[in-house]
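Residues per chain, in single letters:
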Amino acid sequence: MSPPGPPVPRRSYREASARRRLLGVLDPGSFEERLGPAERATSPHLAALGQPVAFDDGVAVGAGALGGRRVLAASQEGAFLGGGVGEVHGAKLAGLLAAALRERPEAVLLLLDTGGVRLQEANAGLVAVSEVMRGVLAARAEGIPVVALVGGGWGCFGGMGIVARCCDAVAMSEEGRLGLSGPDVIEETKGVEELDASDRGLVWRTYGGKHRYLLGEADRLVDDDLDAFRAAAIALAGARRPVDLATLSREHHVLAARLAAHGAAADAAAIWTALGVADPDALALLDADEFLRDVAGTRREAR
Amino acid sequence: MERLELELPSARSAAAGGAPVVVGVVASGNLEVLVERGGTPDRCRFEVSTSVHGFGAVWRAVLEDFAARRAVAGLAFSVNDAGATPAVVTLRLEQAAEEFLGAER
Chain A
166 MSPPGPPVPR RSYREASARR RLLGVLDPGS FEERLGPAER ATSPHLAALG
216 QPVAFDDGVA VGAGALGGRR VLAASQEGAF LGGGVGEVHG AKLAGLLAAA
266 LRERPEAVLL LLDTGGVRLQ EANAGLVAVS EVMRGVLAAR AEGIPVVALV
316 GGGWGCFGGM GIVARCCDAV AMSEEGRLGL SGPDVIEETK GVEELDASDR
366 GLVWRTYGGK HRYLLGEADR LVDDDLDAFR AAAIALAGAR RPVDLATLSR
416 EHHVLAARLA AHGAAADAAA IWTALGVADP DALALLDADE FLRDVAGTRR
466 EAR
Chain B
238 MERLELELPS ARSAAAGGAP VVVGVVASGN LEVLVERGGT PDRCRFEVST
288 SVHGFGAVWR AVLEDFAARR AVAGLAFSVN DAGATPAVVT LRLEQAAEEF
338 LGAER
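Residue numbers (my numbering), protein chains in the order written: chain A, 166 to 468; chain B, 238 to 342.
Everything labelled a hint here was simulated from the structure, so no lab data went into it. Hints are not guaranteed to be accurate.
[Stated by the list, open to error] Computed from the model, here is a short list of chain B residues facing chain A with C-beta under 7 Å:
#: 1; residue: 238
#: 2; residue: 239
#: 3; residue: 257
#: 4; residue: 259
#: 5; residue: 262
#: 6; residue: 263
#: 7; residue: 264
#: 8; residue: 271
#: 9; residue: 288
#: 10; residue: 317
#: 11; residue: 319
Virtual Cβ for every residue (Gly too), placed ideally from N, Cα, C.
Generate coordinates for the entire structure from the input sequences, incorporating the hints supplied.
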């Protein structure tokens, strides 16, 4: 047995900026940004409110290669206003998906890191998110797979949480969280008895990648590592989910069955036990490989 | 928002060309710096947009120090600031110059 070499340092996906994530996920040197920071497509709403703008309005979009395949890709910067979708930000996403219909890339990658609509420009942001949803479905209807990667510090919430689940496939890390209303919103509106947003373990069990994977809502569970997200993106870029009534009906059926089976569960851990996970308390401590080994056979098919 | 525009003398930067580079992010206590070709052969240009009012003299001191220390003539720096301290501003400017000029070495 040869002595183990020094451990290969991981490059955290979560800690990377939006552009670094794109550079790490796409083939080296392949990313060509469109409407980049030098074009100064900034938010007129923030300017009118006297708030600082970002030169790219918090999202980088462009073309690149993924495992040799030509793709279009977008990456949201969570550190700028929580990755909130404003008018320009949303137009860049919707525009990228519209470009996909013309250019017919082999896939579209959405690196999502967002709390949802940017509250400072709520109406324009809401319209933009609905345009992004429509764009995702239009691309998929044309046979262009759309893949979401969720592993940023803000997770993926609000309307963009819906966008993620409108995609053909989702890859997540445990740290990436996916949902509609975030924990703080639920605590604020329903009370702390419903969900204690300061209970990090509860929040991760409820929204985290492992739970999403076990429920079948995430297709890949990966470690917080740029190379792991890249490998997942390559594997999922060919995944297609038909956009048709039969598929939608099946999903509704699965959701109804899930509600019937787990609607009374007070905590995600109770669902995991019901799914047959031997030691639910241990799941949070496992890395992706150990976790996948442990839960093999217990995952539900949500689609 | 407060806007500042300055043109300052500096030593000639290493090389011509280079695609625009952005570093940093507009978040509380942080800033983004966009570097492009701009200015004249012996001067560099700064455009600062900041959420904190009344610190023009501090900005001038930080930018003058940077322009004197680094060879950045012929470059234009555009800044969106969300209340970064002078030390953070200096580090971001250094990072921006490094990434822009480093790529040309």
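Going back to the hint list, which numbers does this structure go against? 2
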